[in-house]
Amino acid sequence: MRILVVGAGALGGLIGATLSEAGEEVVFFEANVARAKLLNDNGLFLSEGDAGERCVRVKVMTALDQLAPVDLVFIAVKSYQTTDAVKAVLPAMSERTWILSTQNGVGNVEQIAAVLGHSRILSGITFHSIQHTGPNRLRYRSGIKPIQMAPLDGKVTPAVIAIGATFNAAGLAAQVVPNVDHAVWRKLLHNAVVNPVSALTGMSCSEMLADDDLQVLMRELAHEIVAVMRARGVPIDDEEDPYRPIIASQKALAKNRPSMWQDLVRGFRTEIDAMNGSVVSEAKRLGLSAPTNDAIVNLVHSRERQHQRRQALGAQTLAAVKAAQAQLPLQPLPRARFGGMPSGRVPLECAPKLKEIVRSYYLDLAEAGRDPSRHVAWCSGFGPVEILRAMGWTPYFPENHAALIGASRLTGKYIRLALADGFSPFASTEMVSDIGAMLAGESPLVGIYGIDAIPRPEVLVYSTNFGPYVARWFEYYNHRLGAPLFGLHPPSVLDEVEKIEVDASVQQLLRLVDRLSAFSGRALDHDRLATVVEHSARAGLLWQRILDLAQHVPSPLTYFDTLIHVAPMLLMRGTEQAVTYYEILLAELEQRIAAGVAAVPGERLRFYWEGPPIWCALRPLASLFLEQQVAVVASTYPRVFALEGLNRDNPIESMARTYTSVFPNRSREFKARQLAVDYRRYGIDAAVYHDARTCPEHSTVRYGLHLRLQRDTGVPPLVIEADTHDLRLVSIDQIRRQLIEQLEHV
Amino acid sequence: MTAQGKVAVAGADVGTECVKVVVLDAEHNLIGRAIVPTRGYFEDCIQEATAIALTEAQLAASELRAICATGFGAACAAVASLSMSETACHARGALFRSHGPLTVVDIGGRDPKVITVDAGGGITAVHNVRKCAVGIGTFLMFAARHLDVHPTRLMDLATSAEKPARVGSYCSIFAEVEVIDLLRSGVSANEIALGCMHSIAERILEMGGIAPPLLVTGGVCEYFPGVITALAERSGFAVEVAKEPILAGALGAALFALDSVAAK
Numbered sequence: 001m002r003i004l005v006v007g008a009g010a011l012g013g014l015i016g017a018t019l020s021e022a023g024e025e026v027v028f029f030e031a032n033v034a035r036a037k038l039l040n041d042n043g044l045f046l047s048e049g050d051a052g053e054r055c056v057r058v059k060v061m062t063a064l065d066q067l068a069p070v071d072l073v074f075i076a077v078k079s080y081q082t083t084d085a086v087k088a089v090l091p092a093m094s095e096r097t098w099i100l101s102t103q104n105g106v107g108n109v110e111q112i113a114a115v116l117g118h119s120r121i122l123s124g125i126t127f128h129s130i131q132h133t134g135p136n137r138l139r140y141r142s143g144i145k146p147i148q149m150a151p152l153d154g155k156v157t158p159a160v161i162a163i164g165a166t167f168n169a170a171g172l173a174a175q176v177v178p179n180v181d182h183a184v185w186r187k188l189l190h191n192a193v194v195n196p197v198s199a200l201t202g203m204s205c206s207e208m209l210a211d212d213d214l215q216v217l218m219r220e221l222a223h224e225i226v227a228v229m230r231a232r233g234v235p236i237d238d239e240e241d242p243y244r245p246i247i248a249s250q251k252a253l254a255k256n257r258p259s260m261w262q263d264l265v266r267g268f269r270t271e272i273d274a275m276n277g278s279v280v281s282e283a284k285r286l287g288l289s290a291p292t293n294d295a296i297v298n299l300v301h302s303r304e305r306q307h308q309r310r311q312a313l314g315a316q317t318l319a320a321v322k323a324a325q326a327q328l329p330l331q332p333l334p335r336a337r338f339g340g341m342p343s344g345r346v347p348l349e350c351a352p353k354l355k356e357i358v359r360s361y362y363l364d365l366a367e368a369g370r371d372p373s374r375h376v377a378w379c380s381g382f383g384p385v386e387i388l389r390a391m392g393w394t395p396y397f398p399e400n401h402a403a404l405i406g407a408s409r410l411t412g413k414y415i416r417l418a419l420a421d422g423f424s425p426f427a428s429t430e431m432v433s434d435i436g437a438m439l440a441g442e443s444p445l446v447g448i449y450g451i452d453a454i455p456r457p458e459v460l461v462y463s464t465n466f467g468p469y470v471a472r473w474f475e476y477y478n479h480r481l482g483a484p485l486f487g488l489h490p491p492s493v494l495d496e497v498e499k500i501e502v503d504a505s506v507q508q509l510l511r512l513v514d515r516l517s518a519f520s521g522r523a524l525d526h527d528r529l530a531t532v533v534e535h536s537a538r539a540g541l542l543w544q545r546i547l548d549l550a551q552h553v554p555s556p557l558t559y560f561d562t563l564i565h566v567a568p569m570l571l572m573r574g575t576e577q578a579v580t581y582y583e584i585l586l587a588e589l590e591q592r593i594a595a596g597v598a599a600v601p602g603e604r605l606r607f608y609w610e611g612p613p614i615w616c617a618l619r620p621l622a623s624l625f626l627e628q629q630v631a632v633v634a635s636t637y638p639r640v641f642a643l644e645g646l647n648r649d650n651p652i653e654s655m656a657r658t659y660t661s662v663f664p665n666r667s668r669e670f671k672a673r674q675l676a677v678d679y680r681r682y683g684i685d686a687a688v689y690h691d692a693r694t695c696p697e698h699s700t701v702r703y704g705l706h707l708r709l710q711r712d713t714g715v716p717p718l719v720i721e722a723d724t725h726d727l728r729l730v731s732i733d734q735i736r737r738q739l740i741e742q743l744e745h746v
Numbered sequence: 001m002t003a004q005g006k007v008a009v010a011g012a013d014v015g016t017e018c019v020k021v022v023v024l025d026a027e028h029n030l031i032g033r034a035i036v037p038t039r040g041y042f043e044d045c046i047q048e049a050t051a052i053a054l055t056e057a058q059l060a061a062s063e064l065r066a067i068c069a070t071g072f073g074a075a076c077a078a079v080a081s082l083s084m085s086e087t088a089c090h091a092r093g094a095l096f097r098s099h100g101p102l103t104v105v106d107i108g109g110r111d112p113k114v115i116t117v118d119a120g121g122g123i124t125a126v127h128n129v130r131k132c133a134v135g136i137g138t139f140l141m142f143a144a145r146h147l148d149v150h151p152t153r154l155m156d157l158a159t160s161a162e163k164p165a166r167v168g169s170y171c172s173i174f175a176e177v178e179v180i181d182l183l184r185s186g187v188s189a190n191e192i193a194l195g196c197m198h199s200i201a202e203r204i205l206e207m208g209g210i211a212p213p214l215l216v217t218g219g220v221c222e223y224f225p226g227v228i229t230a231l232a233e234r235s236g237f238a239v240e241v242a243k244e245p246i247l248a249g250a251l252g253a254a255l256f257a258l259d260s261v262a263a264k
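Chains A and B are the protein sequences, given in the same order. Each residue of the first sequence is one higher than the one before, starting from 1 at the first, in our numbering. Each residue of the second sequence is one higher than the one before, starting from 1 at the first, in our numbering.
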């Protein structure tokens with residue numbers, strides 16, 4: 001059978017893909033061009049309950065001029081789009097084509113009949129529960145009852161029976177019945193009572209059950225609907241108390257919320273008109289009244305309008321942000337010499353190349369700030385930069401800026417300015433250094449890359465996967481620069497990363513995409529996202545291989561090298577240039593190994609560095625370890641950038657999994673296990689644990705990890721008390737004494 | 001009532017480095033003053049300083065109509081008829097010869113304070129230093145001992161330095177260790193002395209609330225004017241010093257004592 005599915009959303013996707021799997025000739029019609037492309041290129045992924053996924057290749061068209069008439073049109077758009085959808089598919093219909101609607105609510109077939117007349121229309125009802133778990137991913141549970149379909153004119157012809165048989169043959173249990181009016185109204189009785197109340201209150205079904213006042217309201221809604229049903233002659237399931245079955249369905253749904261809630265939250269139009277709205281108009285037609293349903297319809301419409309106003313406000317904010325001074329003008333740092341990065345090692349030949357590509361990144365960023373047709377977003381280091389790039393933003397990373405300020409050793413001045421502005425000396429000095437530099441109107445970028453301004457953000461996007469303080473940091477920019485703030489708060493402190501946590505992150509990413517599209521008016525280009533994610537994945541794997549080369553004795557690179565060469569992974573993740581750069585770096589390091597070049601000549605011992613980098617003292621520290629012929633071969637921080645699991649075929653879910661799984665977001669147990677593995681892999685003699693005073697979330701020594709690892713692995717700890725950015729908290733002399741003492745008995 | 005039939009009161013500023021007492025008559029004339037170094041029990045130091053101030057004023061203790069105590073050890077002044085906060089007393093003392101709006105910066109032995117005073121002389125904001133950066137005067141005394149000069153000579157050393165050595169401002173103990181560290185690595189005593197002054201200026205600026213015009217009170221600027229120079233240099237504002245800055249707190253206390261007499 002040739003079937004045209006109109007609307008490739010949840011219901012259309014599931015029914016269409018299932019029919020297609022069964023060998024029917026299925027074509028989708030989808031107005032959203034980006035969505036059509038995504039589905040054509042990547043297929044649709046289905047999973048039933050917790051069973052594994054399967055991919056169904058589908059054919060999606062955005063115009064129907066070339067399509068020969070089909071046997072069946074399956075309408076799966078929102079009820080308020082029905083009339084437009086039917087008019088759009090007229091070219092694909094002949095006098096033999098049937099049209100089937102199983103949309104929610106009542107009044108859909110009437111809309112169809114108004115366009116096509118009363119023949120060859122099937123009115124239907126489904127009981128599937130379907131959830132989007134990605135832009136092209138659906139998880140579903142089959143309905144508790146079969147799909148029911150009935151011809152609008154009541155004549156069950158062989159053609160109708162053939163359609164029912166086609167569904168059954170595809171495993172979609174279906175019944176052809178003379179009339180579905182009763183079934184539609186019985187389903188409506190549940191949906192029109194539960195869905196809008198949950199949507200308006202934000203409560204789950206079990207929460208609503210526990211709220212006596214809401215139950216009174218819902219009972220009233222039900223009574224009005226039951227009066228209409230009686231007047232239409234629809235039998236009532238429980239004549240004694242018609243509300244009782246609705247209590248049972250709330251119990252069954254328990255912690256779930258119907259999708260109308262999600263529609264309201266995401267700012268989509270709801271199907272309230274086809275549900276409670278139909279109750280009101282039907283009551284009126286029958287000479288009854290339904291004031292409570294009427295009130296609910298108005299309340300839901302009001303919430304829909306509220307979101308439209310918010311969108312208008314978003315557009316205004318965007319205009320205001322863009323109209324404001326477009327750049328943050330900057331002064332160079334007072335001391336022009338930028339020399340805080342370590343030296344004294346055998347230099348890598350790649351270093352000039354690194355400088356060149358990082359310079360090109362910053363020059364391009366500055367250009368993006370000047371060009372009114374380009375868009376700049378500020379993003380946290382492990383934020384969803386792939387999505388930003390795919391939506392046409394050029395990212396800027398305050399964390400890299402903070403690292404450069406730290407290396408400039410001028411943090412004292414900036415920290416003081418931020419303290420006087422109200423920050424505590426215990427606040428993250430990474431954050432306050434950057435904020436202080438902003439207050440001073442200075443930046444190391446001026447001296448190093450010659451750019452004269454950091455472009456203002458149109459949006460601020462962060463993820464708390466690297467620690468919660470980043471939210472406070474970006475809130476400050478939001479307050480100061482006025483750009484809207486979008487945050488991801490993935491589940492944290494995870495041991496194993498379970499599917500449920502990934503799903504939670506997927507939902508957040510999808511919501512972020514919705515909000516960013518609504519705000520910018522630009523849709524996510526899924527093709528571009530796949531390409532960007534692929535670049536990130538390739539760079540991540542190369543970076544992993546580069547770090548792994550430090551397993552070689554003597555090591556061709558040190559921790560201090562990785563702190564510099566990690567920059568493209570942060571700044572240019574998702575670009576081709578980053579991939580190319582790491583290919584070159586990998587090749588050079590492999591040559592080093594072949595030639596027997598050691599990063600620390602005369603390497604005596606191999607150390608691990610756990611905890612955040614001491615950005616403000618990298619050079620003296622590197623020299624200190626070099627003097628003692630100690631190679632710090634590996635460290636947690638650069639390790640985090642060895643992103644695993646990114647997959648162009650499943651960008652959103654793989655991003656959700658990868659970015660939720662990063663080391664800082666994991667449990668103490670997981671960290672202990674991973675460090676133990678790393679100590680073995682890199683042949684570690686001793687481990688430095690940096691207890692950074694203002695960075696407690698990354699200082700694992702705070703909860704005794706060093707002693708536990710000493711017990712488990714025998715690797716002795718060297719606990720260094722210092723800080724990431726505050727020079728006043730770093731005593732190189734003390735570290736030297738500790739190190740020498742340690743070396744006496746390692 | 002004094003022998004001459006005049007009203008006289010005293011203010012006692014019981015600090016961690018010095019106890020200061022002033023005696024004031026009803027016409028606001030400063031007729032007696034005393035500064036004694038704090039050591040041993042506060043009670044003994046208060047007694048000693050009061051006795052000196054009374055001698056200068058040629059009064060007997062019984063002739064004082066009121067005594068107001070302030071400062072770290074105010075609670076030990078059993079003779080006091082009332083007690084006021086350091087903030088209030090320093091602001092009052094500073095305003096004795098000046099008027100608001102201004103920012104009073106009290107830099108004493110222990111807790112520096114930045115006090116914002118409005119045009120009417122009312123206190124609108126007070127900024128305190130964080131716990132581990134306290135002990136300003138005490139820190140300078142420590143530096144003098146390690147630089148092997150009398151505390152009053154520390155300033156002379158600093159004056160001849162071309163640039164300050166880097167001495168941190170986060171914590172007084174950290175800063176003390178840095179002083180010893182610098183000495184070991186052969187940095188000149190002059191630069192270290194100036195570095196200490198700058199460390200203190202940094203601590204003050206980090207407290208926030210600094211806005212011109214600035215008026216400094218407290219003992220530190222009496223003995224170590226280099227701190228004032230450093231503060232002016234680092235803040236970019238002109239900094240004025242109260243007359244007899246070390247007595248500002250005691251003077252403010254005495255003015256409050258006078259108020260209490262008038263109210264009776």
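Read the hints as simulated data drawn from the structure, not as lab findings. Check the hints yourself; a few may be wrong.
If we take Cβ atoms under 7 Å as the criterion, some of the chain A residues that face chain B in the derived model are [claimed, not checked]:
1) R416
2) L419
3) P425
4) A427
5) R728
6) D733
Straight-line C-alpha distance at most 20 Å; calculated EDC-like pairs for lysine to aspartate or glutamate [claimed, not checked]:
7) K78(A) - E110(A)
8) K413(A) - D25(B)
9) K131(B) - D421(A)
10) K163(B) - E233(B)
11) K355(A) - E110(A)
12) K353(A) - E110(A)
C-beta atoms are modelled at their ideal positions from N, C-alpha and C, and glycine is treated no differently.
Right, here's what the structure says about each hint:
Interface hint status for R416(A): upheld, as the beta-carbon distance to the closest one in chain B is roughly 5 Å, under 7 Å. Contact between L419(A) and chain B, as hinted, is supported at the beta carbon level, the nearest pair being about 4 Å apart and thus within 7 Å. For P425(A), the interface hint holds, since its Cβ comes within 7 Å of a Cβ in chain B; the closest pair sits about 6 Å apart. At a threshold of 7 Å, the smallest CB-CB gap from A427(A) to chain B is about 12 Å, leaving the interface hint violated.
Evaluation of the R728(A) hint against chain B yields a held restraint, the C-beta minimum of about 3 Å falling below 7 Å. The interface hint given for D733(A) holds, since its Cβ lies 6 Å from the closest Cβ of chain B, which is under the 7 Å cut-off. Proximity of K78(A) to E110(A) is assessed by CA-CA distance (about 14 Å); at most 20 Å being required, the pair is judged to hold. Pair hint K413(A) plus D25(B) does not hold up; C-alpha atoms about 47 Å apart against a cutoff of 20 Å.
Simply put, K131(B) and D421(A) have alpha-carbon atoms about 18 Å apart, close enough for the 20 Å limit, and the pair holds. Pair hint K163(B) plus E233(B) holds up; C-alpha atoms about 12 Å apart against a cutoff of 20 Å. Distance check on the hinted pair: K355(A) and E110(A) sit about 67 Å apart at the alpha-carbon level, beyond 20 Å; violated. For the hint linking K353(A) to E110(A), the alpha-carbon distance of about 68 Å lies beyond 20 Å, and the restraint is violated.
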